[in-house]
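Trainee: Sequence lines, in order, name chains A and B. Here the first sequence is numbered in our numbering, starting from 1 and rising by one per residue. Here the second sequence is numbered in our numbering, starting from 1 and rising by one per residue.
Some hints here could point you the wrong way.
Any copy will do: because identical chains look the same in the list, a pair fits if it lies in one copy or spans two.
[Stated by the list, open to error] In silico DSS-like pairs for lysine-lysine, Cα to Cα no more than 30 Å straight-line: (1) Lys337 to Lys267; (2) Lys206 to Lys337; (3) Lys337 to Lys369; (4) Lys68 to Lys337; (5) Lys337 to Lys376.
Hints in this document: simulated from the structure, not taken from any laboratory.
2 protein chains.
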Amino acid sequence: MSIDSLPVPEARRDDALDRFVAVIPAGGVGTRLWPLSRAAAPKFLHDLTGSGSTLIRATYDRLSPLAKGRFLVVTGQAHRAAVCRQIPELDSADLVLESEPKDSAAAIGLAAAILHRRNPATIMGSFAADQVISPDDVFQAAVLEAIHTAASGDRGKIVTIGIQPTHPSTGFGYIRGGQELDVDGAPSAREVVEFVEKPSLEVAEKYLASGEYLWNAGMFVAPVALMLDHLAANQPALHAGLTEIAAAWDTPQRDEVAARVWPGLPKIAIDYAVAEPAAAAGDVAVVPGAFRWDDVGDFAAIGRLNSAREGDAVTVMGEGARVFTEDASGIVVSDTKRVIALIGIEDVVIVDTPDALLVTTKEHAQRVKGAVDALKASGETDVL
Amino acid sequence: MSIDSLPVPEARRDDALDRFVAVIPAGGVGTRLWPLSRAAAPKFLHDLTGSGSTLIRATYDRLSPLAKGRFLVVTGQAHRAAVCRQIPELDSADLVLESEPKDSAAAIGLAAAILHRRNPATIMGSFAADQVISPDDVFQAAVLEAIHTAASGDRGKIVTIGIQPTHPSTGFGYIRGGQELDVDGAPSAREVVEFVEKPSLEVAEKYLASGEYLWNAGMFVAPVALMLDHLAANQPALHAGLTEIAAAWDTPQRDEVAARVWPGLPKIAIDYAVAEPAAAAGDVAVVPGAFRWDDVGDFAAIGRLNSAREGDAVTVMGEGARVFTEDASGIVVSDTKRVIALIGIEDVVIVDTPDALLVTTKEHAQRVKGAVDALKASGETDVL
Numbered sequence: 001m002s003i004d005s006l007p008v009p010e011a012r013r014d015d016a017l018d019r020f021v022a023v024i025p026a027g028g029v030g031t032r033l034w035p036l037s038r039a040a041a042p043k044f045l046h047d048l049t050g051s052g053s054t055l056i057r058a059t060y061d062r063l064s065p066l067a068k069g070r071f072l073v074v075t076g077q078a079h080r081a082a083v084c085r086q087i088p089e090l091d092s093a094d095l096v097l098e099s100e101p102k103d104s105a106a107a108i109g110l111a112a113a114i115l116h117r118r119n120p121a122t123i124m125g126s127f128a129a130d131q132v133i134s135p136d137d138v139f140q141a142a143v144l145e146a147i148h149t150a151a152s153g154d155r156g157k158i159v160t161i162g163i164q165p166t167h168p169s170t171g172f173g174y175i176r177g178g179q180e181l182d183v184d185g186a187p188s189a190r191e192v193v194e195f196v197e198k199p200s201l202e203v204a205e206k207y208l209a210s211g212e213y214l215w216n217a218g219m220f221v222a223p224v225a226l227m228l229d230h231l232a233a234n235q236p237a238l239h240a241g242l243t244e245i246a247a248a249w250d251t252p253q254r255d256e257v258a259a260r261v262w263p264g265l266p267k268i269a270i271d272y273a274v275a276e277p278a279a280a281a282g283d284v285a286v287v288p289g290a291f292r293w294d295d296v297g298d299f300a301a302i303g304r305l306n307s308a309r310e311g312d313a314v315t316v317m318g319e320g321a322r323v324f325t326e327d328a329s330g331i332v333v334s335d336t337k338r339v340i341a342l343i344g345i346e347d348v349v350i351v352d353t354p355d356a357l358l359v360t361t362k363e364h365a366q367r368v369k370g371a372v373d374a375l376k377a378s379g380e381t382d383v384l
Numbered sequence: 001m002s003i004d005s006l007p008v009p010e011a012r013r014d015d016a017l018d019r020f021v022a023v024i025p026a027g028g029v030g031t032r033l034w035p036l037s038r039a040a041a042p043k044f045l046h047d048l049t050g051s052g053s054t055l056i057r058a059t060y061d062r063l064s065p066l067a068k069g070r071f072l073v074v075t076g077q078a079h080r081a082a083v084c085r086q087i088p089e090l091d092s093a094d095l096v097l098e099s100e101p102k103d104s105a106a107a108i109g110l111a112a113a114i115l116h117r118r119n120p121a122t123i124m125g126s127f128a129a130d131q132v133i134s135p136d137d138v139f140q141a142a143v144l145e146a147i148h149t150a151a152s153g154d155r156g157k158i159v160t161i162g163i164q165p166t167h168p169s170t171g172f173g174y175i176r177g178g179q180e181l182d183v184d185g186a187p188s189a190r191e192v193v194e195f196v197e198k199p200s201l202e203v204a205e206k207y208l209a210s211g212e213y214l215w216n217a218g219m220f221v222a223p224v225a226l227m228l229d230h231l232a233a234n235q236p237a238l239h240a241g242l243t244e245i246a247a248a249w250d251t252p253q254r255d256e257v258a259a260r261v262w263p264g265l266p267k268i269a270i271d272y273a274v275a276e277p278a279a280a281a282g283d284v285a286v287v288p289g290a291f292r293w294d295d296v297g298d299f300a301a302i303g304r305l306n307s308a309r310e311g312d313a314v315t316v317m318g319e320g321a322r323v324f325t326e327d328a329s330g331i332v333v334s335d336t337k338r339v340i341a342l343i344g345i346e347d348v349v350i351v352d353t354p355d356a357l358l359v360t361t362k363e364h365a366q367r368v369k370g371a372v373d374a375l376k377a378s379g380e381t382d383v384l
């Protein structure tokens, strides 16, 4: 189903979709994917699905039919060149470069404030650069519903896209859906009763059984004005700082103001700064997404997303990988041209990079973050 | 106990020990230790015990108090420089360089023939360059008994040094001992009833229980004349070729004759060419060795020979290794300076070299040879 064939009333579609700008926060290092993903080469710059596209490029391509060139990518200054190589379509006005990471409320809030200066009627949609989603058209249909919902009513809504849970995950926060909303062009939009933190397994199983809960994938679509209203109400200092930077952004004073203000801004997640208080105020809606979604949280996910070749129990990732296996299963990510021989070992995870090697199991893949913390603590920062 | 304090009658000692020359065949690649050990850097050129000495250097040092500078090292032409770096004491007359490998009968037979030309009364002792033995003085006492036994009687004896078995190994051949011999200076020497091939586990258990069997470690001491007599009787073509090369060895014709004759020599193990028929003829004796012995047959042996640091379940080998472990056990051999992180994996074997990586388990360490064969078959010979 292409966007052009979506059943959207023409008038509303022109109005809301034309105000849409896709924001792509490209921040997290993806520590659980070390040593492949690291400060100098974070997760979003890797092709983790064997598709031939890096995650950030795939994110851009997935949003392009809706955003039609209207993008804002928020990333670290160190990643400017790599991001521009991945998305040569971006011009300098489409990039927000952070001098240091300030968590999601500052990153997304600055994007909202800049977009608001440029056009106060903007509807922003924020989609992390390092998630894997398919198929694209199901995703796009959900985003389109979210755009219409975001544009509905007097002030609009902050609209999350919730993921239909497939298992009782304890690794994600959940969104509890409520009454259906009656929005033209968004038949599946509902109100949000509450956001809940990562639950215990027991609680997650109840959530799954109830059918009322969706995974919070951190995707949302909202009028920038409404975003900023909630930010002002809940984080006035952050809001003031971001407003000051945004006012200078498209002027020769950008660098001076950003250098002065940004370092002092509070670090807080957008969930606490905006989404949860906005939900409590009744300003948040949810559109369920029926697409496949994976945040590629660890190397076990790499195994899920890259099935082994026919008749082979080992998933191999990496161009020109030279992997020989005998009675082995698991995942090999090869970022070198070295020969790798696996013999008689099950469910192993091997990540081979020029300066660091990880050997673990699928079961322990989540613990990679702990190893990175240990390396940091012992001063082995050259490989982080 | 130093050699000087060994309880040996002075007269006999002068006679037999002064005729002793230590031969060190440095041949095998040590395929089961790939990718650490390989054609260009075979097992004997590695320090596999963390002692600071390569195996060949340790072999030389262990024999020095007996051989007192009288050595003959038989190795491939490709290893000349590396061997001379390890044993700078060698001069060119102490080196026999093979243009191509011809198995142990040709290598040891040529050493015997060359030594016989130089001095027909020579007693040679052949000790592979890639075994780990301790303590040295117990080994030296056994070799000294073997030297006296080799020198006894009219023609002397071919004397193997048999290893007291510590478990029912199916990886070694066995020597069945017989009647005690009555040799001055060799109280533990016995006749050899037979050599037997690598047994099944059931048979090996019987051997162990009987107390009559020793492991055949391929170590022997013998008058070169007796060695050559048996070689002539059992492998006349090989004997003729070796005699021809030996006649030219210390002359300007060495290279021409060796280049013409060596490539056509039959490939056969010394066990079949000499030891077994000599045993059948009643010419073989055995001296049991009570020293610890390990042929470092696979990476599990590396684990045995290099105990983990206190409080750490992972044995790490390699200078400057940067290994971080969490809930892991096993062996890491690091031939690079890469950071290696092991998380939640048991009894693993990791061998990290600049161009090849092996990941297996202690249990499957013996199967490394199969992987090398597979790599060879698929043409990945650059890493072999």
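Trainee: Give a verdict on every hint.
Mentor: Verification of the supplied hints:
1. Lys337 to Lys267: Classified as neither: same-chain Cα gap 40 Å, cross-chain 37 Å, threshold 30 Å.
2. Lys206 to Lys337: Close neither inside one copy (47 Å) nor across copies (49 Å); limit 30 Å.
3. Lys337 to Lys369: both (26 Å within a copy, 22 Å between copies)
4. Lys68 to Lys337: Answer is neither; intra-copy 39 Å and inter-copy 48 Å both fail.
5. Lys337 to Lys376: Cα proximity of Lys337 and Lys376: in one copy and across copies (27 Å, 17 Å).
Comparing the model with each numbered hint stated earlier shows that hints 1, 2, 4 do not hold.
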